[in-house]
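Number of protein chains: 2
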Amino acid sequence: MQYNEVLDNLKIYEAGKPIELVVREYGVDAKDIIKLASNENPRGCSPLVIEAVKNEASKMNLYPDDSMYELKEGLADKFDISSKNVIIGAGSDQIISFALHAKANQNNAILMARTTFAMYEIYGRQTGTKILKTPSHTHNLEELLQMYKENKDIRVIFLCLPNNPLGECLDTKDVYSFLEQIDKETLVVVDGAYQEYASYKDEAKKIDPKELIEKFDNVLYLGTFSKAYGLGGMRCGYGIGNEEMITALHKLRSPFNITTLSLKAAIVALKDQEFVQKSVAENFSQMKRYETFTAENGFDFIESYTNFITLKYDASQSSSSIAQKLLKKGIIVRDLGAYGMNSLRITIGTPEQNDRFFDIYKTI
Amino acid sequence: MQYNEVLDNLKIYEAGKPIELVVREYGVDAKDIIKLASNENPRGCSPLVIEAVKNEASKMNLYPDDSMYELKEGLADKFDISSKNVIIGAGSDQIISFALHAKANQNNAILMARTTFAMYEIYGRQTGTKILKTPSHTHNLEELLQMYKENKDIRVIFLCLPNNPLGECLDTKDVYSFLEQIDKETLVVVDGAYQEYASYKDEAKKIDPKELIEKFDNVLYLGTFSKAYGLGGMRCGYGIGNEEMITALHKLRSPFNITTLSLKAAIVALKDQEFVQKSVAENFSQMKRYETFTAENGFDFIESYTNFITLKYDASQSSSSIAQKLLKKGIIVRDLGAYGMNSLRITIGTPEQNDRFFDIYKTI
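So the protein sequences, as listed, match chains A and B.
Here our numbering is used: the first sequence runs in plain steps of one and ends on residue 1110.
Here our numbering is used: the second sequence runs in plain steps of one and ends on residue 1110.
Source of the hints: derived by calculation from the structure; they are not laboratory data.
Incorrect hints may have been included.
You can't tell identical chains apart in this list, so a pair holds if it fits in one copy or across any two.
[Claimed, not checked] Computed list of lysine to any residue pairs in SDA-like fashion (alpha-carbon distance at most 25 Å, straight line):
1. K757 with E819
2. K1074 with K1108
3. K1017 with R789
4. K952 with Q1070
5. K1075 with E926
6. K952 with A864
7. K898 with S804
8. K805 with G1076
9. K876 with L753
10. K777 with D1046
11. K956 with N851
12. K919 with N1100
13. K1024 with S804
14. K898 with V752
15. K830 with N755
16. K1075 with A822
17. K830 with Y749
18. K1017 with E802
19. K830 with G773
20. K757 with F1045
21. K919 with G1086
22. K800 with R789
23. K947 with D920
24. K800 with G790
25. K930 with N755
Please model the entire structure based on the sequences and the hints provided.
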C-alpha cells in the first residue's frame, strides 16, 4: 500500500532498552539490572502520589475529567498564571507534537541545536517540514541567530533548557536577548523538562514561565512530571503560553489524552514540592561523584544542569563498546554514538546504584 | 500568530460532562450523580487488574517497556496472529490518528457513515482531507459503495462495527462482500471497539481479526480495553493488520505512548476473560429493561449491539431538553442533537443505576 510521502522520511523509534528486554536478550537477572539510560527519577515519586493512585485504581473504568480543571488550577497557582495559559499533554512530548502540527509544514523549516531532544526532529518529520540544526552539538545562540536570519522560512525554534541529552544550559538573560531578535510569527518552544534541576543548581538558569510568556507572545514553555516529579511512566506534561496560542494548540488535543491515574498522580505530585526538592538535592550531591570519577579516570564530562551526565571519551576509547560491556553486566546507559558523539549519557542513580556503577565500570 | 491552515477547520473538542463538572456547575452532590454518557463499563474492571495496578504503582517513575512485548504477545495469542500484526495505541483513538496521518491528506478524501465515532472526522480534519458521509445516519453499505465508486479520491473508509453512537451493527458476511469491492490502495478501518458486545449478542456480527486481515490486506482492525475490559480511563487500544501496514503505522507512533500502569492493566485484563463475559452478559440483560421502558413510554430505540442504547423521540419531545432535565437531577446522558438527531444515547448502567434512571426519568 502507498502511504503519505512524509512516512518515507520516518523511522521507527527505538527507545532505550527497558529492563525487561535486557532480561530477555542477555539473560541477566532482573534484580541485577540498573537502568541509568532514560533519566527516570531513581528515587521514584512522592509516596503521597503512590497512595493517591492506589486509591484511584478502582476508577480505571472512568475517563478522566477532560477539562483537567484541578490540574490546570494547580499549575496556574504554582506559576501565578491563569489556567487559560495551560495545556496538558501525554508527556510534554505531545505538546511538542501539537506545536509542530500547528506551525510546521512542508513549505517551511524548524531550527534546533545539533544534539538535542530527539522528538523535535521526529515530530518535525511527521509534518514534512525542513529540519535545520546548528553546527555545534550544544546550544549556541550565535549560530541559532545566524541561521534564523539566513533562513526566512523558519517557523519554529526549539531551545532545550537545560539540554537533553547533553546537560548544558544557557543563561536566562542570554535567552531573553535572543528571543528579542525573533519575529513574532516564529514560535519558540522553551523546553523546561529539566528546569527543576537547572534552577536549583544555578539561579541564572532559572526560567519563570509567567515572566517568559508576558515578555514574549510567541514563546511556548514546556514542563513535565516525568523528571523531578518522578512520574515518567505516567506520561503527563504541560505547556504554558499566551491564551490565544494555548487555544490554538487545544484544537489539536484529542479528548482524554492522559489517563485517569496520570491526572490524579500529577495533581497530587504538584502538592509535594518537598519531594521534588529533596530529590533534586540528592541528584546533585550524587552527580559530584561522577565528576570526580571522570577526572580520576582521565576522561571528560559536560557540566550538567539535569539528572544525568554526559561522559566524553577521546579517540582511544569507544563509547559504544563501553556501553555494550556495561549492558552485559546489567548496567543500561545511553550511548550517544548515534548523535555522532563518542559519549555516554548516564542518569544519576541512587547512592547504591551509583556505587554499583562505579564498581562495575572499574572491571570493564 | 498565524497557524497552519488545517487549524481553521478544527474545533476544540468538548467531551461528555464528567461527574466533577456537574458537581461544580449544578451543585449536585457527587454521590447523587450517575454518568451514563461515556459508555464506560459501569461494572469497573477486573479485580485482578486493580490488584496488579496497585502493585505496580511504585514503578510510576519508570517508562513502560516500549516494545510492549508482553501485551503484544497476549493479543497475538488471543487472536492467533503474530505480534508483528499488532500496534498499541493510547486508546484505539490514537491508531485512528495514525491511520489517517498515514493515508489521508489535503488532496484526497475519507468516507464514513453520517453518524459514527466523532474522532474519525476530528483526526481527519487534522490532515486537511475531505470528509465524506453517507446520507443515512446508520451504516448503509449500498450508500457507502456508491459514494466510494463516485469519488475516486477516497483513500480511507471507516466501518464502526457495532456503531458508536447509534448501536447498530452490520452482518460480517455483508461487510466481507463490501470489502471485496474496495481497491487495495484504500485503507478500510474496521473499528471493533464494541465487538465483545456485538459478538456475544449475535454470532452473525462477530469479526475474527485473523480471518479479516488474511482475507483483506488493506484492512486495519481496531480493538480497545476501554469498553468491555472496563479500562476507559487507562487509554489503551490496539490495531491489527498485515505486517507491512503495521510497520508503516509504527512510524507514526512515538515512544512510550501508553503509561506504565496502562500497560500492566491491559496485560492482566486480557487474562481475565471471565470478567469480560460476565460484564457483557449483565449489560444485555439490563438493556432489555430499557427496551421495555421505551415501548411502555411510547417512544422508539435503535436495536443495540453495544453497552449503550439510543432512544429516539418524535417531534413532540426534544432530546436536548430531556437531557438537560436529567442533568439537573444528576443523570448525565449524551444528547445526539449535535448530530442532527432527536435522540439520546444512554450507557447501560448497573442494575442500581438503571433503577435510579427509570425512577428519575418518570419525574421529569
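Okay, the hints, checked on the actual structure:
1. In this assembly of identical chains, the alpha carbons of K757 and E819 lie at most 25 Å apart only when taken from different copies (23 Å versus 38 Å within one copy).
2. Taking the shortest Cα distances, K1074 and K1108 sit within 25 Å of each other inside one copy (14 Å), while across copies they are farther apart (69 Å).
3. Proximity of K1017 and R789 under a CA criterion of 25 Å is satisfied intra-copy only: 17 Å inside one chain copy versus 32 Å between copies.
4. Taking the closest pair of Cα atoms, K952 and Q1070 never come within 25 Å of each other, the shortest separation being 36 Å inside a single copy and 48 Å across copies.
5. In this assembly of identical chains, K1075 and E926 lie within 25 Å of each other by CA distance neither inside one copy nor across copies; the values are 50 Å within and 54 Å between.
6. Taking the shortest alpha-carbon separations for K952 and A864, only the intra-copy value of 23 Å comes in at or below 25 Å, while the best inter-copy value is 42 Å.
7. In this homomeric assembly, K898 and S804 never come within 25 Å of each other (Cα to Cα): the closest approach is 53 Å inside a single copy and 49 Å across copies.
8. Taking the closest pair of Cα atoms, K805 and G1076 come within 25 Å of each other only across two copies (19 Å); inside a single copy the shortest separation is 37 Å, beyond that limit.
9. Proximity of K876 and L753 under a CA criterion of 25 Å is satisfied in both settings, with 14 Å inside one chain copy and 20 Å between copies.
10. Taking the shortest Cα distances, K777 and D1046 never come within 25 Å of each other, neither inside one copy (31 Å) nor across copies (61 Å).
11. Within a single copy, K956 and N851 get their C-alpha atoms no closer than 29 Å, and across copies no closer than 37 Å, so neither meets the 25 Å cut-off.
12. Within a single copy, K919 and N1100 get their C-alpha atoms no closer than 34 Å, and across copies no closer than 61 Å, so neither meets the 25 Å cut-off.
13. Within a single copy, K1024 and S804 get their C-alpha atoms only as close as 31 Å, which misses the 25 Å cut-off; across copies the closest is 18 Å, which meets it.
14. Proximity of K898 and V752 under a CA criterion of 25 Å is satisfied in both settings, with 22 Å inside one chain copy and 22 Å between copies.
15. In the homo-oligomer, the alpha carbons of K830 and N755 lie at most 25 Å apart only across protomers (21 Å), although the nearest pairing inside one protomer, at 36 Å, exceeds that limit.
16. In this assembly of identical chains, the alpha carbons of K1075 and A822 never lie at most 25 Å apart, being 45 Å within a copy and 32 Å across copies at closest.
17. Taking the closest pair of Cα atoms, K830 and Y749 come within 25 Å of each other only across two copies (19 Å); inside a single copy the shortest separation is 37 Å, beyond that limit.
18. Proximity of K1017 to E802 under the C-alpha cut-off of 25 Å is found in both arrangements, the shortest distances being 17 Å within a copy and 22 Å between copies.
19. In the homo-oligomer, the alpha carbons of K830 and G773 lie at most 25 Å apart only across protomers (23 Å), although the nearest pairing inside one protomer, at 50 Å, exceeds that limit.
20. For the homomeric pair K757 and F1045, neither the shortest alpha-carbon distance inside one copy (33 Å) nor that between copies (54 Å) is at most 25 Å.
21. Taking the shortest alpha-carbon separations for K919 and G1086, neither the intra-copy value of 30 Å nor the inter-copy value of 55 Å comes in at or below 25 Å.
22. When the C-alpha separation of K800 and R789 is checked against a cutoff of 25 Å, the pair qualifies both within a copy, at 18 Å, and between copies, at 18 Å.
23. Taking the closest pair of Cα atoms, K947 and D920 come within 25 Å of each other only inside a single copy of the chain (17 Å); across copies the shortest separation is 66 Å, beyond that limit.
24. Proximity of K800 and G790 under a CA criterion of 25 Å is satisfied in both settings, with 15 Å inside one chain copy and 15 Å between copies.
25. For the identical chains of this complex, K930 and N755 are inter-copy neighbours only, at 23 Å across copies versus 30 Å inside a copy, given an alpha-carbon limit of 25 Å.
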